[in-house]
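Novice: The primary structure of each chain is shown beneath.
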Amino acid sequence: MSVILKTHKLRVEFRSREMRQGVKVALNGLDLEVRAGEVFGFLGPNGAGKTTTMNVLLGFVPPTSGEASLFGIDVRQPIARQRIGYLPELTYYYKFLTAEELLRFYGKIFGLTRAEMDQRIPRLLKLVELEHASKRPIRSYSKGMQQRAGLAQALINNPDLLILDEPTSGLDPLGRMKVREIIQRLKNEGKTVFFSSHELGEVEAICDRVAIIHQGELKVVGRVDEIKKAHHSNLEQAFLEVIGYQPQTTP
Amino acid sequence: MKNIFAVAGVVIKELYRRKDFYVLFIVTILICLVMASVNIFNDSKIARYLKEICLLLVWISSLVIAVTTTARQIPAERENRTLLPLLAKPITRMQLVFGKFLGCWVACGLTLLCFYIFFGALSATREHQWPVLNYFQAGVMQWFMLGIVVAMSLLGSLVFAAPSSNSTICFIVIGGILFVGRHLDQVATSMHEPLRAVVNALYYIVPHLEFYDLRDLIIHNWPLIEWKYILLALLYATAYIATFLLGACLVFRRKPVN
Ligand SMILES: Nc1ncnc2c1ncn2[C@@H]1O[C@H](COP(=O)(O)OP(=O)(O)OP(=O)(O)O)[C@@H](O)[C@H]1O
Ligand SMILES: [Mg+2]
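Residue numbers (the numbering used here), protein chains in the order written: chain L, 1219 to 1469; chain W, 36 to 293.
Simulated from the structure, these hints should not be mistaken for laboratory data. Owing to the predicted nature of the structure, the values given are computational and were not obtained by experimental measurement. Accuracy of the hints is not assured; some may be wrong.
[Stated by the list, open to error] Stretches of chain L that chain W covers, calculated by requiring three or more beta carbons in the stretch to come under 8 Å of a beta carbon on chain W:
| # | stretch |
| --- | --- |
| 1 | 1323 to 1329 |
| 2 | 1384 to 1392 |
| 3 | 1408 to 1421 |
[Stated by the list, open to error] List time: in silico DSSO-like cross-link candidates among lysine-lysine, alpha-carbon distance up to 27 Å:
| # | chain 1 | residue 1 | chain 2 | residue 2 |
| --- | --- | --- | --- | --- |
| 4 | W | Lys48 | L | Lys1353 |
| 5 | L | Lys1361 | L | Lys1224 |
| 6 | L | Lys1313 | W | Lys54 |
| 7 | W | Lys54 | L | Lys1353 |
| 8 | L | Lys1361 | W | Lys37 |
| 9 | L | Lys1242 | W | Lys54 |
| 10 | L | Lys1227 | L | Lys1242 |
| 11 | W | Lys48 | L | Lys1344 |
| 12 | W | Lys37 | L | Lys1353 |
| 13 | L | Lys1396 | L | Lys1361 |
| 14 | W | Lys48 | L | Lys1313 |
| 15 | L | Lys1224 | W | Lys290 |
| 16 | L | Lys1313 | W | Lys263 |
| 17 | L | Lys1361 | L | Lys1313 |
| 18 | W | Lys37 | L | Lys1313 |
| 19 | L | Lys1396 | L | Lys1353 |
| 20 | L | Lys1437 | L | Lys1224 |
| 21 | L | Lys1227 | L | Lys1437 |
| 22 | L | Lys1361 | L | Lys1344 |
| 23 | L | Lys1437 | L | Lys1447 |
| 24 | L | Lys1227 | W | Lys37 |
| 25 | W | Lys290 | L | Lys1353 |
Every residue, glycine too, gets a C-beta built ideally from N, C-alpha and C.
Generate the whole structure from the sequences, applying the supplied hints.
Specialist: The following block contains the structure:
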């Protein structure tokens, strides 16, 4: 199977005036490989470096050292991002546009023709269940609806690789299940999905493989059942063990 | 090019869906109408006075709309984090800057068009004439002046962090240029050396926005300005617009996204 997303000894340091201690190492020698057609879960506690990794892959943050590539093309080249869909975390889309206009705007940037958009946009709105609200400004959407509009914009170019940063955050159990179904459907269409999440249950249900990172370092990578077997427990216990959590014993 | 138009389209949609724009527009028109109604004597001096005040209001409102709309564009993209999904798509930062500029500039142009039609109608009720070409010259010149202002605010929005401080600085700079810009060379002659050279240089560097103020042409019904001078002024404005936009692209290129 071909490798679609790869990082090699990826290191990212942040320097800023606000931080008195000087340099903050967000990623430290991260090696990742995501293969074509798999659903890959990217786990780690808050501040582990998941979003930073995605920012490097999208070219927003330059790596301090090491390499990252998409489809075998270095992420520094914009062409590497032609065939990806990206859902950032916590985005408040243009409030004054409707979901349909938002998708049209992004579609234009991908160079879709009017006919392609006329065909694709209603389908996407139906997929994320926003067709009833597609003519309303995004200002009037609930958090979950905004998140689903975000998912639709990530799919507008019919991408081969999806990079989703916490796609189910802010969704209710039903909404989460729907996102799971969408991811499953994308997998069946042969797409690759790389997503971060804090919901271990859903990760367990849909991921082929997962990686757990902690403080910018890769701790574990592999199939969910292998990880569970290696730690003789469920994924949550394994996760806590990997990040070095010691259960408090009450005296 | 299609990316630039797509971004510009969103800016224009934003402008006409926001309330503050209509508020400013309606307040300006209301003030003009009230002024017009108090004119009971209907002699030519008062008509002129009325036109002067209306045009002043149009100038101020269009500057306020231009600066405030432009200044918040890119900071809002950053704040709402829409910059991330946008830049993850096949669009360059340069196209984004040009699209934002085009959108704000066209929006200003549409606003001006509305203002001038309203103004033309109002003064036609007094003077029973439509000096369309005078309006056209004054309008186009004002539009290009707003182009410089928009490009400058766009650059400012990338240099200064907060949109409010950027707007304030832009208003101060624009006000400064409009009021003292044309006198800077005279100011320089009264100064001593190092400062004199600085002020003199400033006189040649700043975009002379006051060139574009053709209000008198309409107020006094003066004959048209020769078109070649208008053309020259528009070229001068285009040079400044291009310089500011290139500056904005350079600053934006180095900026981290988040
Ligand atoms: N622009 C920045 N400047 C300075 N430090 C940063 C910056 N962005 C991220 N960091 C730091 O890098 C580390 C990794 O952050 P990151 O956002 O990648 O975490 P995350 O795994 O996505 O966490 P979460 O689950 O909370 O989203 C954090 O310690 C954070 O403080
Ligand atoms: Mg994150």
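Novice: Checking one constraint from the list: CA of L:Lys1313 to CA of W:Lys54, max 27 Å. Satisfied?
Specialist: Roughly 13 Å between the alpha carbons, so the hint for L:Lys1313 and W:Lys54 holds.
Novice: Quickly compare the C-alpha distance for L:Lys1361 and L:Lys1224 to 27 Å and report which way the hint goes.
Specialist: violated (32 Å)
Novice: Regarding the pair L:Lys1361 and L:Lys1313, is the alpha-carbon distance no greater than 27 Å?
Specialist: holds (12 Å)
Novice: Check the hint pairing L:Lys1313 with W:Lys263 against an upper bound of 27 Å on the C-alpha distance.
Specialist: violated (45 Å)
Novice: Can the restraint linking W:Lys37 and L:Lys1313 be considered satisfied, given a maximum Cα separation of 27 Å?
Specialist: The given pair, whose Cα atoms are some 22 Å apart, holds under the 27 Å limit.
Novice: Do three or more residues from the stretch 1408 to 1421 of chain L put their C-beta atoms closer than 8 Å to C-beta atoms of chain W?
Specialist: Check failed, 0 qualifying residues.
Novice: Below or equal to 27 Å on CA atoms is what counts here, so check L:Lys1242 against W:Lys54.
Specialist: violated (43 Å)
Novice: Hey, W:Lys48 versus L:Lys1353, does the alpha-carbon distance stay inside 27 Å?
Specialist: holds (14 Å)
Novice: Can the restraint linking W:Lys290 and L:Lys1353 be considered satisfied, given a maximum Cα separation of 27 Å?
Specialist: violated (35 Å)
Novice: Is it true that the CA of W:Lys37 sits at most 27 Å from the CA of L:Lys1353?
Specialist: Cα-Cα ~24 Å, so holds.
Novice: Against the 27 Å threshold, does the CA-CA distance of L:Lys1227 and L:Lys1437 hold or violate the hint?
Specialist: holds (14 Å)
Novice: Taking 8 Å as the C-beta cutoff, is the stated coverage of the stretch 1384 to 1392 of chain L by chain W satisfied by three or more residues?
Specialist: violated (count 0)
Checked against the numbered hints given earlier, the structure breaks hints 2, 3, 5, 8, 9, 16, 24 and 25 and satisfies all the rest.
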